[in-house]
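Asks: Starting from the known structure of chain A, arrange chain W on it as the hints suggest.
Going down the list, the sequences are from chains A and W. Residue 1696 in this note's numbering sits at position 349 of the first sequence, and the numbers go up by one each step. Residue 1372 in this note's numbering sits at position 25 of the second sequence, and the numbers go up by one each step.
It is possible that some hints are incorrect.
Unchecked claim - Below, computed lysine-lysine pairings styled on DSS-like, alpha-carbon distance capped at 30 angstroms: (1) 1754(W) / 1558(W); (2) 1498(W) / 1447(W); (3) 1754(W) / 1498(A); (4) 1498(A) / 1538(A); (5) 1558(A) / 1558(W); (6) 1538(A) / 1498(W); (7) 1538(W) / 1498(A); (8) 1558(A) / 1754(A).
These are calculated hints, taken from the structure and not from any lab test.
2 protein chains.
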Amino acid sequence: MDAPPIDELIRDGDSATISAWLDQASALEIADELQRLDAADTGWAFRLLPRDRAMEVFELLDTGDQQQVLDGLRDDRVIHLLEELDPDDRARLLDELPAKVANRLLGQLSADERGLTALLLGYDDESAGRLMTPEFVSLRASMDVETAMAKIRREALDAETVYALPVLDDQRHLIGITGLRSLVVADPDTKVGDLMTTDIHSVHTDDDREKAARLVREAGLIVLPVIDSEERLVGVITVDDAMAVLEEEETEDFALHGGHSPLRASYLSVSALSLARARALWLMVLILAAALTVNVLQIFEGALEQVVALALFIPLLIGTGGNSGAQASTAVVRAMALGDVRFSDLPRIVWREARVGLLLGAMLAAAVFVPVTLLFDAELAAVVSLTLVCICTWATIAGSALPLFAKRVGVDPAVFSAPVVTTLVDATGLVIYFAIASVVLGL
Amino acid sequence: MDAPPIDELIRDGDSATISAWLDQASALEIADELQRLDAADTGWAFRLLPRDRAMEVFELLDTGDQQQVLDGLRDDRVIHLLEELDPDDRARLLDELPAKVANRLLGQLSADERGLTALLLGYDDESAGRLMTPEFVSLRASMDVETAMAKIRREALDAETVYALPVLDDQRHLIGITGLRSLVVADPDTKVGDLMTTDIHSVHTDDDREKAARLVREAGLIVLPVIDSEERLVGVITVDDAMAVLEEEETEDFALHGGHSPLRASYLSVSALSLARARALWLMVLILAAALTVNVLQIFEGALEQVVALALFIPLLIGTGGNSGAQASTAVVRAMALGDVRFSDLPRIVWREARVGLLLGAMLAAAVFVPVTLLFDAELAAVVSLTLVCICTWATIAGSALPLFAKRVGVDPAVFSAPVVTTLVDATGLVIYFAIASVVLGL
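With the rest of the complex left out, here is chain A (with noise of 0.2 angstroms):
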């Protein structure tokens, strides 16, 4: 069954139905529906709810989501929201709001609360400090399994995990992890240290959090420790908090790619003019990129007037490079994204994708070559495809290291894709276009 689409129910004010529905609904439909509505409209529907359904509603929207939320909310409803909330989503909503909000909602909540939340605060933004929470059961190698258990029965309410236990030496240095698995299947007389493993991932606090998330991911963890600067830890991040990082991350590089800013909240719960923002920067950036266009005809109008049938062929050229280059780009870019590859195999990425850049060329070449001489001349057939040669191989080139080179320069390498690529392609591909031209046909 489809659900209902909540958001006609509340143009039709239909309340009734709608609570109906929201009696039956999953936490999860529920926050998918909320996603889907107007911004005007979220913060209506979520007081629809029931207050113990509401908070589980809220803690499964994106931060963008729930801010919209708390915009339509009264004070002490917000701040019991905020209370209940684990630290570290906590700490990422708080930092979405404006400061002066932020700090007023932090001193409402108990001092418990405030003081995990202004630790993980202290950690910057993108960081695996932000991300980790600081509520965590810890072990002893020198427990047995009994007294292990003990302690994890005593502090598991306030832990968000228990399923993997990190094993501690005594200045809190990680030693080792265990899983709740292996202490229960365990003899209550063994020690905690012979069923540690030692091989063990784990990350710093100022670590980028992509990184954590990625080796969260990477390694199948379910639980992945965090230590600060003197390799004590500090934190763990969980599973799903990590998902939910690469989902963002990903969404992130997706809207890079297609050459605007990432929006932060979901895409029908964003307003058009929201939307048109978050574009119109690049658009301008590029256009004023593609102005360069403009110059290299103006240098060839002369060609230009000489062969018109010229111009019939440069969208379908600079077409062409820009394709083979965004390629090319979207390849590199995920992975890197993935961690396959880095700035070390600048050398190895270009001399490949050089090779295939001419193997496509070629091959276009050869497939158009016939066509151009039937319907125009051999000369002009000849100049299309050599064209098509030298801007394929150009744009695999260009469209592999552009990326790398980005990430050098610390600029998220994302943005060197297909709007980008395509840009800078077309002028150069002019060039080559028309320097062939001018040898082949002699203007």
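Replies: Chain W alone, transformed into the frame defined by chain A:
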């Protein structure tokens, strides 16, 4: 410390240093390095691993890279590796191998493992059934905690996870789920039925695996139950497998989005020829579509001969159209992948995007009008500005609507990506341009 470039060590044949490195590196580091090698070297390097580490490393490789490893091993080692894999991972790998090889290997597995694998292979490639593990621990609502814990201890060794435990009735119907944490904390006399939640998420065996994986992420689960057509529990999907699927699906979306077929192994381990093959078909199709632009321009050759200056703006105009179309399609494709929008949202989306396109087009038109007037004349500036408004509006509408229609007819929406939208918008953009030019310039 950066990992030493094992690929260089291998080329140097320095097996002492390699062995030393293999001894101190973690399984994940080794897997990462293996994925950076050429196909031929992967098998060679893998054989240097001590047997006990080999399995750990093998499990961390992508399916495509696993296959390259198997190609380089003798049958007995292949069987040994396969035997140790979890049934779901084994099914995924066998599915990638040529049918003849897969059947031969399947025949050499122990009867138990063969049965489990054959069961999974019976489900469709892209289904939740294929992704699940049939090895799980289930409880009954009437059990007390002590009995439940005893059952868990007995069965824990064979199960992939015991942290989330499905609760079944007498017909193996899923009626609730509980966590090992709740059991550990609870009094031994408590009934499982009092500890379980009935607000459960589940999928059917023939549901799409991406839908299942997304549910794991959205709801923050560590285990997702899978039920058959008679609503009986037949397996569970674990969070690590869900993360792997999301990575694969997102890599696929990225690839399609950049206009090439997805690679089946890591970027660096794929040969230049395979890279070219993954891109060739798309480039051919796109250049065929681009041939349309040649025809369109031929129609307007007369106008071009009269006003050669019109040619100067072709790359800028169709480039901008392509960029704004790519922005819209990226946003919608991503929102679809995240489950934020569906086909019924089409009118709402098109209406939003039309306004966005109009806004952006007007902004760009305002930006170019004065410079073009100064460099050329006001009439040409009017043509270019008007064209920008029309092209941007049209491109955002097409870019947002095409992915929705694609999904409707069963095509992956990610296909309607930057290169495809760009190429489609190019030809129509030229028609718009010359139509406006004819009217304004009176050609």
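Asks: Take the hints in turn and mark each one as holding or not.
Replies: Evaluation of the provided hints:
Pair hint residue 1754(W) plus residue 1558(W) holds up; C-alpha atoms about 14 angstroms apart against a cutoff of 30 angstroms. The hinted pair formed by residue 1498(W) and residue 1447(W) fails the criterion: a straight-line CA distance of about 40 angstroms is larger than 30 angstroms. Restraint check: the Cα-Cα separation between residue 1754(W) and residue 1498(A) comes to about 52 angstroms, which exceeds 30 angstroms; the hinted pair is violated. At roughly 14 angstroms between alpha-carbon atoms, residue 1498(A) and residue 1538(A) fall within 30 angstroms of each other, so this suggested pair holds.
Of the supplied pair hints, the one linking residue 1558(A) and residue 1558(W) holds, its CA atoms being roughly 25 angstroms apart against a limit of 30 angstroms. For a cut-off of 30 angstroms, the pair hint linking residue 1538(A) to residue 1498(W) stands: about 23 angstroms separates their Cα positions. With a CA separation close to 23 angstroms, the supplied pair residue 1538(W) and residue 1498(A) stays within the 30 angstroms bound. For a cut-off of 30 angstroms, the pair hint linking residue 1558(A) to residue 1754(A) stands: about 14 angstroms separates their Cα positions.
Of the hints listed earlier, those the structure fails to meet are numbers 2, 3, in rising order.
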